[in-house]
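Visitor: Throw the hints in and build the complete structure from the sequences for me.
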Amino acid sequence: MEVKLLTEHYGKAEFQSLEGYKKIGDGYETLKKALKMQPKEIIELVKASGLRGRGGAGFPTGMKWSFLPENGEPRYLLCNADEGEPGTFKDRMMMERAPHQLIEGMIISGFAVQSKKSYIYIRGEYKDSLRIVEKAIREAYDAGFLGKNILGSNFTHDMDVYSGAGAYICGEETGMISSLEGQKGQPKLKPPFPALKGYLGKPTIVNNVETLAAVKYIVRDGAQAYRKNGTEKSAGTKLFSVSGNVMKPGNYEVPLGYPLKDLIFNLCGGLKPGRKLKAVIPGGSSAPVLTEPEAMRATMDYECLAQMGSMLGSGAVIVIDDSNCMVDLLNVTMHFYHHESCGQCTPCREGTGWLHKTVASIASGHGRLQDIQLLDRISKNMMGRTICALSDAAAMPAISFVNKFREEFEFFVREGRSKVKGEGFRHAQMHH
Amino acid sequence: MPKCTINGKAIEVKPGTTVIQAFKAAGVEIAHYCWHPGLSVAGVCRLCMVQIEGQAKLQIGCNTLVTEGMVVNNTSEPVKEAVKWGLDFHLINHPLDCPICDQAGECGLQDQYVHFGKYDPEMAMPKQKKHKVVDLGPTIVLDTERCILCSRCVRFTDEVSKTNELGIFNRGDRSEIGTVENKPLDNNYSLNTVDICPVGALTSKDFRFRQRVWYLKEAASVCTGCSTGCNVNVYYNEEGAWRVKPVQNEKVNGYWMCDKGRDIYKFVNKEARLQTAKVGSKDQWRLLEGGQAAKDVGDSLRQVAKTEGADKIALVVTGQYTNEEYDSLLDFFNGTLAVKNVYHWVNNPEDMTGFDGILFRGDRNPNTAGLKARLEKRGLKSDWLDLEKKIKAGAYKYVVVAGPENNSVFPDLESKAKMMSAAPHLVWLTAAKSEAVDSATTATYQIPLKTFIEKDGTYTNHVGLEQKVKRGTTIVAGALTLSEAVSLMSGEELDFSLRPKPLTNLKTNFFTAKRGEL
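These protein sequence lines map, in sequence, to chains V and S. Take the first sequence: its position 99, counting from 1, is numbered 99 in my numbering, and each next residue is one higher. Take the second sequence: its position 436, counting from 1, is numbered 436 in my numbering, and each next residue is one higher.
Derived by calculation from the structure, the hints in this document are not laboratory data. A hint or two may mislead.
Simulated crosslink set (SDA-like; lysine to any residue; CA at most 20 Å straight-line) [claimed, not checked]:
| hint | chain 1 | residue 1 | chain 2 | residue 2 |
| --- | --- | --- | --- | --- |
| 1 | V | K116 | V | K148 |
| 2 | S | K3 | S | K84 |
| 3 | V | K190 | S | T17 |
| 4 | S | K57 | V | A57 |
| 5 | S | K118 | V | K190 |
| 6 | S | K118 | V | Q370 |
| 7 | S | K84 | V | N381 |
Computed from a predicted model, the values in this text were never measured in an experiment.
Guide: If you want it as structure tokens, here you go:
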């Protein structure tokens with residue numbers, strides 16, 4: 001059963017404008033409430049709500065905010081809208097259907113962390129999102145929700161958008177900061193962490209679109225009300241972008257802890273007639289794949305998926321039925337990471353290419369049996385060895401695919417063809 | 001002062017020390033490519049992996065600060081495995097063209113693979129193809145396939161030369177070092193990028209394909225290219241010197257030296273040298289042995305000083321010699337002969353105080369400070385402008401010149417030599433052969449001297465720091481040090497039996513023959 005907290009009015013076109021946001025929703029009433037509170041109070045409230053980062057890592061938001069130094073330095077709030085994880089399309093909908101919800105959440109969050117300037121870093125391909133958010137920011141300025149002394153308070157906040165240029169790596173928070181600074185979009189060495197030295201060397205908080213939007217509802221309804229949904233460690237609702245072989249793909253907002261089985265078979269209308277579920281990637285292409293029995297048991301929350309060796313990630317659920325060849329899927333996935341590695345750290349720069357070439361050679365019928373084991377070994381030696389998590393993001397699907405669907409890989413090597421796609425299927429030759 | 005334990009060895013380090021620095025301080029080997037003590041931390045090669053007690057994940061040593069009581073090692077199995085694989089990742093797209101690579105023999109990949117390598121390559125896929133023979137500028141050629149993208153060269157041009165010519169273009173395993181259009185890598189420090197390149201990606205146009213490095217010996221010395229006195233190694237073999245590289249000295253040059261300084265090996269080689277003494281003038285030169293020439297000159301000078309007075313002799317000195325040589329020179333001329341007309345030949349007076357803000361100084365002599373101090377101490381302050389006047393007026397019978405060792409930094413050589421050859425007798429002590437002196441019109445002695453790499457001594461740099469040079473090799477066997485020449489002039493005998501004989505039957509290296517004119 002869906003719980004529409006953030007997405008309540010997403011079906012109505014006028015919700016996009018400030019006028020509609022006021023009419024249908026509650027306008028910027030929550031901002032007014034927030035400005036009467038103490039910034040620290042809001043941080044405590046967010047801590048108490050149990051809100052965790054919705055971008056992929058799931059780090060507790062309130063705790064992230066409290067890492068900011070109290071030294072009077074200017075600080076920045078950045079909204080990560082560089083939605084690049086394959087399978088994820090929730091932030092786009094949030095920006096296009098309800099830009100004011102995000103902007104209000106951001107002003108409140110900006111107030112909580114006492115930042116005078118925020119940026120929304122929008123994925124380069126999201127031209128519509130950029131246009132819509134820009135327009136909404138203008139409306140918010142005109143209405144006095146942004147700028148000097150917001151609503152007569154002594155809080156001043158400016159907001160701007162920045163369009164990325166299409167690199168996956170700029171969705172990594174320090175990669176995004178580099179890009180925003182005008183440098184090549186490459187993650188920065190940590191420590192120092194952005195909370196101490198981020199954008200332009202100043203304390204910086206980076207939060208996902210969905211995280212910032214949720215802050216509005218936590219302030220509006222209180223921490224306890226927010227906690228009513230979800231589980232003890234995974235509080236609140238979450239948007240899941242369901243794609244793949246389901247009848248009704250799309251974004252679904254459900255409480256965390258919701259059974260994956262129900263998400264697929266009830267909300268999304270199940271699979272095509274006659275098809276059987278083979279696997280599910282529960283949290284974007286970098287999350288380790290779940291087999292059918294695992295998927296049937298899984299609940300969509302941070303702890304259950306972690307326990308199964310996978311992760312909730314950005315909430316992109318990719319449903320795979322029995323018409324798909326796992327070798328092919330891994331090939332496509334590895335092509336992506338090979339293409340997107342920024343190239344700074346050697347294990348990732350070289351490892352992603354090595355993985356891709358190896359799996360591509362299997363998928364073109366030229367693989368060797370030892371290549372399957374090699375994929376696993378390369379991946380394990382890429383994990384945890386780099387500045388950012390892209391290396392792990394490439395390694396995790398590779399490890400899970402070859403170990404959970406080994407017989408498909410072995411079949412391909414032995415027979416030179418896909419186990420699933422049959423005799424007549426001709427595979428593309430290796431890329432590059 | 002945090003105390004830590006490195007591979008079981010307890011040491012104490014300064015606050016702010018990183019783990020990799022602590023390993024170096026403890027004398028423990030640790031693999032690394034991107035880290036360089038003179039540059040910022042990049043943390044990208046991922047080879048300086050260490051295990052810190054109490055931490056689950058391996059950490060990189062270059063970006064981890066030592067904390068009190070830290071127990072750290074790089075000998076545990078997980079670390080060894082990580083380094084092995086780290087090296088393999090570096091090598092899967094590396095060409096392995098060591099037999100034709102200039103870096104072979106001093107290559108970071110070769111060296112570290114021997115210590116830490118995996119030894120069972122598993123890469124069976126085609127390697128990435130990238131650009132070969134990229135001309136980066138007047139001094140350097142790049143092979144992007146050999147490059148391991150450690151980013152040292154990029155950081156060098158950002159942080160040290162501050163010229164920002166280099167960048168990394170493209171992404172992932174298509175990344176390549178490069179320059180932007182119309183902005184080649186062209187600065188006076190460019191060749192440092194070749195030194196810090198751990199592989200054979202950046203090669204010096206001056207040195208590539210000339211020698212295999214394992215045929216070269218190195219001698220620690222001091223750069224004589226300017227008054228900074230950068231510490232250097234000169235690489236040589238029996239055929240001569242081939243290149244100069246900087247040696248770390250925090251007090252003087254840090255880790256770097258300038259490109260101009262790297263040319264100093266050129267004037268020590270035979271092709272640039274005066275190899276025997278010559279007597280005569282423009283019309284005819286007679287060759288004779290250097291020691292004999294010095295004796296002959298000495299006899300005449302002593303005779304002139306005795307019969308016609310020391311005023312008939314002028315001594316011209318350049319800032320190119322060691323302090324010990326100045327002492328013996330001045331002891332003889334000023335002390336024994338009582339010559340008071342001692343002139344300091346300044347090669348570029350308008351630029352003597354110039355400085356580029358990094359290392360290179362306008363005073364292109366290694367020892368101007370040493371010479372000045374000695375002249376001052378003896379109260380010798382002849383005005384340079386006097387010299388020409390007095391020569392013209394016929395005041396001097398003998399002009400003795402301790403000339404430039406490196407002719408290329410004396411733009412005024414030709415005019416000064418001409419001016420001085422107006423004296424009845426000219427004595428030119430020099431390591432370098434020179435057309436300007438060969439076209440002297442007066443009765444001239446040319447006496448061959450040794451260069452900095454062939455003698456012991458001390459130079460005083462621009463801040464008064466005395467730095468020793470040690471004899472590395474002998475290139476011109478018949479040459480004398482200035483002190484030896486002076487001893488012979490003063491009538492002393494020297495034992496030459498211990499000197500190295502000129503090499504005979506020397507096989508000419510194909511590459512040397514191809515090297516052409518210096």
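Visitor: Could you check the structure against the hints above and give me the numbers of any it violates, in ascending order?
Guide: Those not satisfied are hints 2 and 5.
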